[in-house]
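Top line first, the protein sequences correspond to chains A and B.
The numbering used here puts the first residue of the first sequence at 8, with every later residue one more than the last.
The numbering used here puts the first residue of the second sequence at 16, with every later residue one more than the last.
Take the hints with a grain of salt, since some may be wrong.
Claimed, not checked - Beta-carbon label-pair distances, calculated as ranges:
no.: 1; chain 1: B; residue 1: GLU155; chain 2: A; residue 2: ARG195; range: 51 to 61 Å
no.: 2; chain 1: B; residue 1: GLY392; chain 2: A; residue 2: LEU295; range: 56 to 66 Å
no.: 3; chain 1: A; residue 1: ALA163; chain 2: B; residue 2: GLU155; range: 48 to 58 Å
no.: 4; chain 1: B; residue 1: GLN41; chain 2: A; residue 2: GLY305; range: 54 to 64 Å
no.: 5; chain 1: A; residue 1: TRP173; chain 2: B; residue 2: GLY58; range: 41 to 51 Å
no.: 6; chain 1: A; residue 1: TRP159; chain 2: B; residue 2: ASP234; range: 13 to 23 Å
Unchecked claim - Far from chain B by the CB rule (all over 10 Å, computed), these chain A residues:
no.: 7; residue: LEU149
no.: 8; residue: GLY172
no.: 9; residue: THR201
no.: 10; residue: TYR229
no.: 11; residue: GLU239
no.: 12; residue: SER279
no.: 13; residue: ARG308
Honestly, the hints are just simulated from the structure, not real lab data.
Just so it is clear, the structure is predicted and the values come from calculations on it, not from any experiment.
All C-beta atoms, glycine included, are put in the ideal place defined by N, C-alpha and C.
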Amino acid sequence: MPDILRGGAILLAVLAVAALPLLADGYWLSIAVTIMMYTALSTSWALFSGPTHYIALSTGAFYGIGGYLVATGMSDFGTSFWTMMAIAPFVAALLAGAIGIATLRLSGVYFVIFTLGLAEMIRNLVSWVQNNFLGSKGLYVLTELEERHIYWMLLAVTLAVFLFGWRLGRSRMGFALRILGNDEEVARHVGIDTARTKVLLFMTTGFFAALVGAIVAPRYYYIEPNVVFSPELSFLVVIMALLGGTRRLYGPLLGVIPFTLLWEVVSASFPSATTMVLGLAFLLIVYLIPDGVTGLIGKLRKRSVP
Amino acid sequence: MNRRNFAIASAAVALSFAFSEAPQAQEPIKFGMVAHLSGPLAGGEAVTHLPNVQLWVEEVNGRGGLMVDGKRRPVEIVQYDDKTNPAEHIKAVQRLASQDEVDFMIAPYGTGFNIAAAPIYARYKYPLVAVTAITDEIHELTDKFPNMFFTLGSTSGFVEGVTNTLKTLQSKGVIGDKVAMVNVADAFGIELAGVAREKFKEAGFNIVYDKSYPLGTPDLSPVMKGAKAAAPDAFVAWSYPPDSFALTEQAIIEDLDVKAFYTAVATAFPAYGGKFGNAIEGNLGAGGVNPNTDAMKAYRKRHQDVTGKAPDYWASATYYSALQVLEQAIEGVGKVDREAVTEHIKNNAFETVIGTIRFDKHNNSERYWSVGQWRGGQFVAVADTGMGDSVAPVAKKGWK
């Protein structure tokens with residue numbers, strides 16, 4: 008397809024997606040917000056974890072930082088939502104940088120375990136600071152923002168993630184990442200600063216996760232640290248990305264949409280057995296489509312062209 | 016799951032819904048409820064909310080349903096699980112409102128969930144009679160969401176109850192002025208401890224030990240040892256259910272010699288009395304009821320008979336009362352008209368199992384018990400706001 012046609016098609020698609028709140032309200036909009044939120048989170052997660060194969064379970068931690076900073080800024084310091092939304096991702100990125108420097112030397116399973124504990128550690132740290140220095144009158148995020156405003160902001164973030172991913176794929180950094188993912192030893196021998204590359208990408212995912220957390224905070228109106236730093240979110244992001252496949256930029260999107268809808272059918276039809284049905288769904292996904300939806304499409308294509 | 020199986024499964028689900036609705040004589044009035052069937056708050060939900068909903072449905076349908084448009088219509092609950100997750104909660108409320116199109120909603124469990132759900136309730140004009148939501152922002156919230164009502168009191172009201180209880184004990188010469196205070200380092204505990212620090216000082220108490228512990232701490236023995244070393248006259252813990260139990264256990268082990276011992280949430284649970292028996296005679300805690308009114312006695316008996324469990328001595332009765340408010344308002348209006356029902360709740364008084372409920376201009380019912388004390392197997396209110404029927408607190412007996 009010529010570039011202009013392709014560009015036009017993408018532009019049309021984006022406009023159509025942006026027009027959704029004008030058509031759908033209430034229920035479908037709330038599902039659209041969920042899809043948009045997980046698309047941004049899963050895609051930015053895959054930018055780092057896809058090529059490097061480091062399974063990071065830290066999304067919940069950074070997402071929580073975004074939500075918590077907005078809440079504490081607005082409740083304890085009287086700062087505006089917009090200021091906190093602008094600050095939060097940078098705080099998370101700095102933190103991700105520090106964590107990355109300390110832990111990205113860890114390999115494989117050690118890294119997974121560390122990131123899993125991270126959300127819990129930050130939640131405790133936050134509670135400790137609040138308990139000893141800030142006090143608390145309840146963390147309220149009272150804004151005039153409606154669901155559709157949140158949707159548009161998330162759409163903007165999602166586009167930024169895609170744009171970033173697209174640029175990355177064409178940059179020296181992206182090339183370095185791919186080599187690094189295939190063999191870190193080789194990457195180091197050809198002169199790639201592997202530590203720096205990994206830390207920078209890890210910071211990016213932290214940045215976007217906190218930004219999403221900050222944008223979504225007004226939806227909850229009231230933030231509790233033990234709820235906002237939920238480990239479940241980290242797992243969902245990973246599972247959705249793996250379902251879609253992490254080899255392509257649009258892969259996670261193909262995981263997020265069916266998974267959110269499936270989750271919705273499950274919650275609506277089997278309200279008291281969601282956890283069990285979810286577990287079964289995971290097993291099926293892992294056994295039947297281990298390479299994700301994009302992997303499956305690739306395989307089918309190969310088969311049809313003999 | 017492939018597409019064909021999925022289609023068959025959804026068709027089966029759709030069919031089962033179609034059949035289940037067929038034999039009803041009168042079309043039911045649908046009440047939506049998003050419950051925490053799993054996750055951190057599932058325990059509280061199971062003690063305080065779910066049995067009351069079961070009891071209420073049974074009572075109302077036992078007399079043929081709610082009287083609207085001149086005939087009785089049965090009530091039906093449409094329930095979803097949110098796994099104690101606010102995002103899931105919002106989605107489920109949204110689904111109830113616009114897919115299931117329920118006629119009314121039943122308030123969720125927990126301050127955060129009531130507040131998170133409030134904007135959607137407001138958009139669809141559902142009255143929200145919140146119970147397990149305790150905050151000092153009642154005025155701001157009801158200004159913003161005029162269909163939201165509060166029934167269980169404010170944070171400050173709670174701390175005042177404890178302060179007054181301690182003062183009464185002090186004026187009787189039961190305790191001196193030395194208070195040991197601990198709190199769980201979570202939104203709830205931090206907020207209450209912050210307010211208490213000021214109020215205790217104003218009341219002339221001397222906080223000799225002030226310590227927090229993280230949520231989910233498995234071992235609270237250092238906390239209790241520290242409190243004991245400070246030789247306090249009274250011990251106050253702004254605690255959650257697991258730590259209320261653990262702190263009591265440690266106090267028994269350490270034989271903490273205080274004449275006033277307060278633990279916050281879950282002290283009012285029947286399981287607390289069941290676990291510690293006589294050792295907790297005279298223990299203080301959040302909540303309490305007046306178990307001696309006829310309405311309360313009848314309610315407690317019916318709750319036991321219908322659900323097979325005893326209600327707690329705090330929010331259970333208030334939650335049932337909130338359902339009664341909704342029920343009486345719907346019958347008062349005589350129509351399934353949410354806006355009219357909200358107006359009716361604002362402008363009328365309601366006879367419930369906790370007595371008369373009437374809302375002020377901020378949609379707040381200033382009638383609640385705030386501190387209870389275990390006396391002979393019952394958890395009796397010793398401090399209240401606007402109730403006026405709590406009894407005087409007495410000294411705690413030893414642990415043995």
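Okay, the hints, checked on the actual structure:
no.: 1; hint: B:GLU155 - A:ARG195: 51 to 61 Å; verdict: holds, 57 Å
no.: 2; hint: B:GLY392 - A:LEU295: 56 to 66 Å; verdict: holds, 57 Å
no.: 3; hint: A:ALA163 - B:GLU155: 48 to 58 Å; verdict: violated, 30 Å
no.: 4; hint: B:GLN41 - A:GLY305: 54 to 64 Å; verdict: holds, 57 Å
no.: 5; hint: A:TRP173 - B:GLY58: 41 to 51 Å; verdict: holds, 48 Å
no.: 6; hint: A:TRP159 - B:ASP234: 13 to 23 Å; verdict: violated, 48 Å
no.: 7; hint: LEU149; verdict: violated, 7 Å
no.: 8; hint: GLY172; verdict: holds, 25 Å
no.: 9; hint: THR201; verdict: holds, 36 Å
no.: 10; hint: TYR229; verdict: violated, 4 Å
no.: 11; hint: GLU239; verdict: violated, 7 Å
no.: 12; hint: SER279; verdict: violated, 6 Å
no.: 13; hint: ARG308; verdict: holds, 19 Å
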